[in-house]
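S.K.: Here the protein sequences come in this chain order: A and B.
Taking my numbering, the leading residue of the first sequence gets 37, the next gets one more, and so forth.
Taking my numbering, the leading residue of the second sequence gets 2, the next gets one more, and so forth.
Hints may be right or wrong, so weigh each one.
Residues of chain B placed beyond 12 Å of chain A at every Cβ, according to the derived structure [to be verified]:
#1 69
#2 79
#3 86
#4 99
#5 106
#6 111
#7 114
#8 154
#9 164
#10 170
#11 192
#12 197
#13 201
#14 205
#15 209
#16 211
Now the in silico label distances, taken between C-beta atoms and shown as ranges [stated by the list, open to error]:
#17 205(B) / 137(A): 46 to 56 Å
#18 198(B) / 85(A): 37 to 47 Å
#19 95(A) / 199(B): 49 to 59 Å
#20 36(B) / 138(A): 11 to 21 Å
#21 138(A) / 60(B): 41 to 51 Å
I should point out that these hints are in silico values taken from the structure, not numbers from a laboratory.
Built from N, CA and C at the ideal position, the CB exists for glycine as well.
So the chains spell out like this:
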Amino acid sequence: MENRELLQTPSQTVGPYFAYGLVPEQYLYDFKSLVSNQLIDPTDTECIIVQGTVYDGAGQIIPDALIEIWDASHNAFGRFGTGTDPQNRFIFYCHKPLSLDGSAPYLTVIVLMRGQLIHSNTRIYFSDEAELNQLDETLNSVPVERRSTLIAQKESNSYIFDIHMQGEKETVFFDV
Amino acid sequence: MILYNNELDLSVQPSKLYPDYKSTVLRAPRKPMMIMKQSKSELSGPVFGHSSLGVLDHDLTKNSIKNGQPLGERIVVHGYVLNENSQAIPHTLIEIWQANSAGRYVHKVDQHDAPLDPNFLGTGRCLTDANGYYKFYTIKPGAYPWGNHYNAWRPNHIHFSLFGANISNRLVTQMYFPGDPLLDYDPIFQSVPPKGRKLLISAFDLSITEPDFALGYRFDFVLRGYRETPFENKK
């Protein structure tokens with residue numbers, strides 16, 4: 037049963053100038069950041085690195101995206117703008133998420149940028165969880181040929197997760 | 002009983018692709034969104050407390066002073082954060098960023114030939130109180146040109162980021178000012194269906210206007226509400 041008395045405030049783009057508002061320390065502004073890309077201490081033995089590049093529909097790297105991740109299994113939230121990494125990647129230091137309610141481990145991801153009037157939602161699953169991935173209800177609801185867009189590939193101590201906004205490799209985005 | 006998030010209300014929310022706003026053309030996802038069953042991850046989210054905020058975070062007229070007061074018209078903005086069910090959202094974070102009174106952002110990407118203000122960074126944040134009420138002080142932002150089309154100008158606006166009760170209620174939006182003639186020409190504002198546009202325009206509010214100090218504006222945020230059953234596949 038819907039229960040709506042008031043109208044939702046419409047979304048508007050985060051624009052190109054979010055850096056000093058949302059990730060000020062990363063961009064070296066003189067204002068304290070509430071959130072960083074280090075969900076745990078990078079020297080922690082349990083720390084994994086999740087990193088990737090965001091591409092537009094022309095295959096160009098997007099240097100002004102803001103990526104947010106939420107790990108409900110550790111109550112941990114992180115944020116990174118792609119503008120300060122030399123290769124315009126996003127990089128997170130975090131725990132490997134735990135399985136919740138039998139699902140495969142994943143990170144909840146919010147993608148914001150100039151040119152998006154509403155942010156996009158996706159998930160990062162992990163390539164070294166093949167068994168749980170095969171049983172995951174959400175992954176299985178995605179057409180098989182697009183499933184790989186949701187799975188970060190393990191490379192030594194990092195997981196690589198590129199985000200394609202459009203095109204043949206368009207990342208699966210969810211209505212949540 | 003589990004409460005599930007309501008859907009986005011497409012009668013008021015902008016579509017992802019809006020070609021008049023040119024950078025949506027290569028950046029808006031084109032394939033249909035996949036429907037997802039809401040789980041603990043969609044029904045939880047980060048919590049920010051008073052201890053995370055600085056004492057001047059809610060006062061953009063004071064939080065980055067170097068050698069004097071920022072230039073421009075002081076304003077006070079207040080209102081409530083609610084959900085569609087008319088419930089107040091207490092103790093929730095509101096992050097704020099904006100241009101200065103000359104229409105210039107501090108961000109180094111902003112090359113608009115208008116002066117920076119050494120005493121104004123243009124960022125702040127506040128938390129709602131137990132009743133979902135918030136209030137902050139700032140300088141009224143100026144309009145500025147942008148490259149979307151010939152003679153394109155953004156109307157005066159303040160950017161906001163909110164989390165609400167869970168991560169699925171995340172809202173990033175912009176607040177505009179009443180009577181701004183640029184609203185009719187701004188594709189970002191016009192991307193919102195007509196029914197939703199007035200929800201983005203603040204109201205002048207004499208009741209919060211402070212004599213000899215600052216003009217007042219009222220702006221309420223309404224986040225997604227809740228229902229008792231998950232939404233069945235609609236597609």
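S.K.: If a hint holds in the structure, say so; if it does not, say that too.
M.R.: Outcome of the hint check:
| no. | hint | verdict |
| --- | --- | --- |
| 1 | 69 | holds, 17 Å |
| 2 | 79 | holds, 15 Å |
| 3 | 86 | violated, 5 Å |
| 4 | 99 | violated, 8 Å |
| 5 | 106 | violated, 4 Å |
| 6 | 111 | violated, 6 Å |
| 7 | 114 | holds, 16 Å |
| 8 | 154 | holds, 14 Å |
| 9 | 164 | violated, 9 Å |
| 10 | 170 | violated, 10 Å |
| 11 | 192 | violated, 5 Å |
| 12 | 197 | violated, 4 Å |
| 13 | 201 | violated, 6 Å |
| 14 | 205 | holds, 19 Å |
| 15 | 209 | holds, 19 Å |
| 16 | 211 | holds, 25 Å |
| 17 | 205(B) / 137(A): 46 to 56 Å | holds, 49 Å |
| 18 | 198(B) / 85(A): 37 to 47 Å | holds, 43 Å |
| 19 | 95(A) / 199(B): 49 to 59 Å | violated, 39 Å |
| 20 | 36(B) / 138(A): 11 to 21 Å | holds, 19 Å |
| 21 | 138(A) / 60(B): 41 to 51 Å | holds, 48 Å |
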